[in-house]
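2 protein chains.
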Amino acid sequence: MIPTKIALVLLLAVQWGHCSIWIIRPSPQPPQPDEVAKMARYIMRNSDWVSVATTSTQKAIQGYPFVSLKSVSDGTASNSTGVPYLYMTDMDVSGKDIEKDNRCTILASLAESEYCKQKNFDPQDPRCAKLIITGKMVKVDKDSSEYEFGQNALFSKHPSMKWWPKDHAFYVAKINIEQIEVLDFFGGIKNVSVEDYFNAYNARSGDVLFSKVDFIDLAA
Amino acid sequence: MIPTKIALVLLLAVQWGHCSIWIIRPSPQPPQPDEVAKMARYIMRNSDWVSVATTSTQKAIQGYPFVSLKSVSDGTASNSTGVPYLYMTDMDVSGKDIEKDNRCTILASLAESEYCKQKNFDPQDPRCAKLIITGKMVKVDKDSSEYEFGQNALFSKHPSMKWWPKDHAFYVAKINIEQIEVLDFFGGIKNVSVEDYFNAYNARSGDVLFSKVDFIDLAA
Numbered sequence: 001m002i003p004t005k006i007a008l009v010l011l012l013a014v015q016w017g018h019c020s021i022w023i024i025r026p027s028p029q030p031p032q033p034d035e036v037a038k039m040a041r042y043i044m045r046n047s048d049w050v051s052v053a054t055t056s057t058q059k060a061i062q063g064y065p066f067v068s069l070k071s072v073s074d075g076t077a078s079n080s081t082g083v084p085y086l087y088m089t090d091m092d093v094s095g096k097d098i099e100k101d102n103r104c105t106i107l108a109s110l111a112e113s114e115y116c117k118q119k120n121f122d123p124q125d126p127r128c129a130k131l132i133i134t135g136k137m138v139k140v141d142k143d144s145s146e147y148e149f150g151q152n153a154l155f156s157k158h159p160s161m162k163w164w165p166k167d168h169a170f171y172v173a174k175i176n177i178e179q180i181e182v183l184d185f186f187g188g189i190k191n192v193s194v195e196d197y198f199n200a201y202n203a204r205s206g207d208v209l210f211s212k213v214d215f216i217d218l219a220a
Numbered sequence: 001m002i003p004t005k006i007a008l009v010l011l012l013a014v015q016w017g018h019c020s021i022w023i024i025r026p027s028p029q030p031p032q033p034d035e036v037a038k039m040a041r042y043i044m045r046n047s048d049w050v051s052v053a054t055t056s057t058q059k060a061i062q063g064y065p066f067v068s069l070k071s072v073s074d075g076t077a078s079n080s081t082g083v084p085y086l087y088m089t090d091m092d093v094s095g096k097d098i099e100k101d102n103r104c105t106i107l108a109s110l111a112e113s114e115y116c117k118q119k120n121f122d123p124q125d126p127r128c129a130k131l132i133i134t135g136k137m138v139k140v141d142k143d144s145s146e147y148e149f150g151q152n153a154l155f156s157k158h159p160s161m162k163w164w165p166k167d168h169a170f171y172v173a174k175i176n177i178e179q180i181e182v183l184d185f186f187g188g189i190k191n192v193s194v195e196d197y198f199n200a201y202n203a204r205s206g207d208v209l210f211s212k213v214d215f216i217d218l219a220a
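Those protein sequences? They're chains A and D, same order as listed. Counting along the first sequence from 1, when you hit position 128 you're at 128 in full-length UniProt numbering, and nothing is skipped either side. Counting along the second sequence from 1, when you hit position 84 you're at 84 in full-length UniProt numbering, and nothing is skipped either side.
Wrong hints could be hidden among the right ones.
Derived pair list, reagent style PhoX-like, types lysine-lysine, alpha-carbon separation capped at 20 Å [unchecked claim]:
no.: 1; chain 1: A; residue 1: K142; chain 2: A; residue 2: K166
no.: 2; chain 1: D; residue 1: K59; chain 2: A; residue 2: K136
no.: 3; chain 1: D; residue 1: K96; chain 2: A; residue 2: K190
no.: 4; chain 1: A; residue 1: K100; chain 2: A; residue 2: K136
no.: 5; chain 1: D; residue 1: K162; chain 2: A; residue 2: K119
no.: 6; chain 1: D; residue 1: K139; chain 2: D; residue 2: K162
no.: 7; chain 1: D; residue 1: K162; chain 2: A; residue 2: K117
no.: 8; chain 1: A; residue 1: K142; chain 2: A; residue 2: K162
no.: 9; chain 1: A; residue 1: K96; chain 2: D; residue 2: K190
no.: 10; chain 1: A; residue 1: K59; chain 2: D; residue 2: K136
no.: 11; chain 1: D; residue 1: K117; chain 2: A; residue 2: K162
no.: 12; chain 1: D; residue 1: K166; chain 2: D; residue 2: K139
no.: 13; chain 1: A; residue 1: K96; chain 2: A; residue 2: K59
no.: 14; chain 1: A; residue 1: K96; chain 2: A; residue 2: K136
no.: 15; chain 1: A; residue 1: K162; chain 2: A; residue 2: K139
no.: 16; chain 1: A; residue 1: K166; chain 2: A; residue 2: K139
no.: 17; chain 1: D; residue 1: K139; chain 2: D; residue 2: K96
no.: 18; chain 1: A; residue 1: K59; chain 2: A; residue 2: K100
no.: 19; chain 1: A; residue 1: K162; chain 2: D; residue 2: K119
no.: 20; chain 1: D; residue 1: K100; chain 2: D; residue 2: K59
no.: 21; chain 1: A; residue 1: K59; chain 2: D; residue 2: K190
no.: 22; chain 1: D; residue 1: K136; chain 2: D; residue 2: K100
no.: 23; chain 1: D; residue 1: K142; chain 2: D; residue 2: K166
no.: 24; chain 1: A; residue 1: K117; chain 2: D; residue 2: K117
no.: 25; chain 1: D; residue 1: K59; chain 2: D; residue 2: K96
no.: 26; chain 1: A; residue 1: K190; chain 2: D; residue 2: K59
Keep in mind that the hints were calculated from the coordinates and are not lab data.
Make the full structure from the sequences, and use the hints.
Here is the structure:
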């Protein structure tokens, strides 16, 4: 049940095709530019997808930096972890790159949402904030509770993933983070320590919400 | 003067801050998935920004694939060339990477626009089309007519660039294209030859338009 007070600010829409309910929340504003670790968590939490840079194994461009697009989630609707979970397959070009060399960088940006347009910030304007995370992509152990959590994180934010082809052997992957950079204001890129990043979320303040859209699966 | 017929489908909004008029056109639908070269041109033409993968020169992540975000334009409002023009500076991390090794890949996707959400395509769904171009980034010769064209291409689509700090020494760069990949349907990534890509635009059919927003600078 949705409490009455919350229900007042929720827009409920039944999406019959997938038997799910969308709860569209008014999106909170991003943190201030001096709250850089919070900004990093905010961007990760509210991004639907990331660009994933890998080192190419394709014959024609071997060794070139490559980039693809993957949907992302850092947790279930009630639990933001900051860990970027991805749904990967060895069948696509990025998956093959990662098999050979799992060093990667991911980029998420408020340019994905309507925020920058509404503020009249050009996508390249530093105030149209970007989060850039570098590390190594690893498969989450399929028998671990983290696998179940990561899969729920992805499926709750990207419900169509549940119906993606079984023969593509998708697996839950995550980035073991080594470097975090944020560009959210003039004056150049800022570094956030991994510790500050993981400590930045204050569950009680509710300042880092789940995307703009939550899904409740009616079949679940 | 805007012809009356066109004026009927245009939404005019005066943006006083920058003394420009926005002309918001109804965006044309993307080409069909079997028109893959046209799809590549459509995505390039209608993308505001690209993710740019480079090989990192940053100390902590040297040699790692890196990714940043840059605004893009492939031509002025009346001239789509297919050439990705970027506004770069050696002062930022990607600019430094490119100085050392100019091999790069750029990614643009319909996920940037409202198209995929409206179609209920997850960002990672192949039907939420992606264009991935690999090549070498080069500075356009400042004394050439191409420099003026590239700068006009960028400034007309991203008018705030005109006011970006002069001391950042921004320059017009382009990608010399070596490989073009399109993911726009089930069945895996497709290659488009550079020749087909550059020949795909039929100016008379008007099927490749300028983004969703054109700007007319009142001060020009």
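Next pair to validate is K139/D with K162/D; report whether the Cα-Cα distance is within 20 Å.
Holds, because 18 Å separates the two Cα atoms, which is no more than 20 Å.
Checking one constraint from the list: CA of K96/A to CA of K59/A, max 20 Å. Satisfied?
holds, 12 Å
Can the restraint linking K96/A and K190/D be considered satisfied, given a maximum Cα separation of 20 Å?
holds, 16 Å
Taking 20 Å as the top limit, are the C-alpha atoms of K59/D and K136/A close enough?
holds, 16 Å
Under the criterion that the straight-line Cα-Cα distance not exceed 20 Å, is the pair K59/A, K190/D satisfied?
holds, 15 Å
For K190/A and K59/D, compute the direct alpha-carbon distance and say whether it is at most 20 Å.
Satisfied, since the Cα-Cα distance of roughly 15 Å is no more than 20 Å.
Holds or violated: K59/A with K136/D, Cα cutoff 20 Å?
holds, 16 Å
K142/A and K166/A: Cα distance at most 20 Å?
It holds: about 15 Å lies between the C-alpha atoms, which stays within 20 Å.
Hey, K100/A versus K136/A, does the alpha-carbon distance stay inside 20 Å?
Roughly 12 Å separates the two Cα atoms, so the pair holds.
For the pair supplied as a hint, K162/D and K119/A, is the alpha-carbon distance within the 20 Å limit?
Cα-Cα ~18 Å, so holds.
Holds or violated: K166/D to K139/D, with C-alpha atoms at most 20 Å apart
Cα-Cα ~17 Å, so holds.
K100/D and K59/D were given as a pair; does the straight-line alpha-carbon distance stay at or below 20 Å?
Answer holds: K100/D to K59/D is near 13 Å, not above 20 Å.
In this structure, every one of the numbered hints holds.
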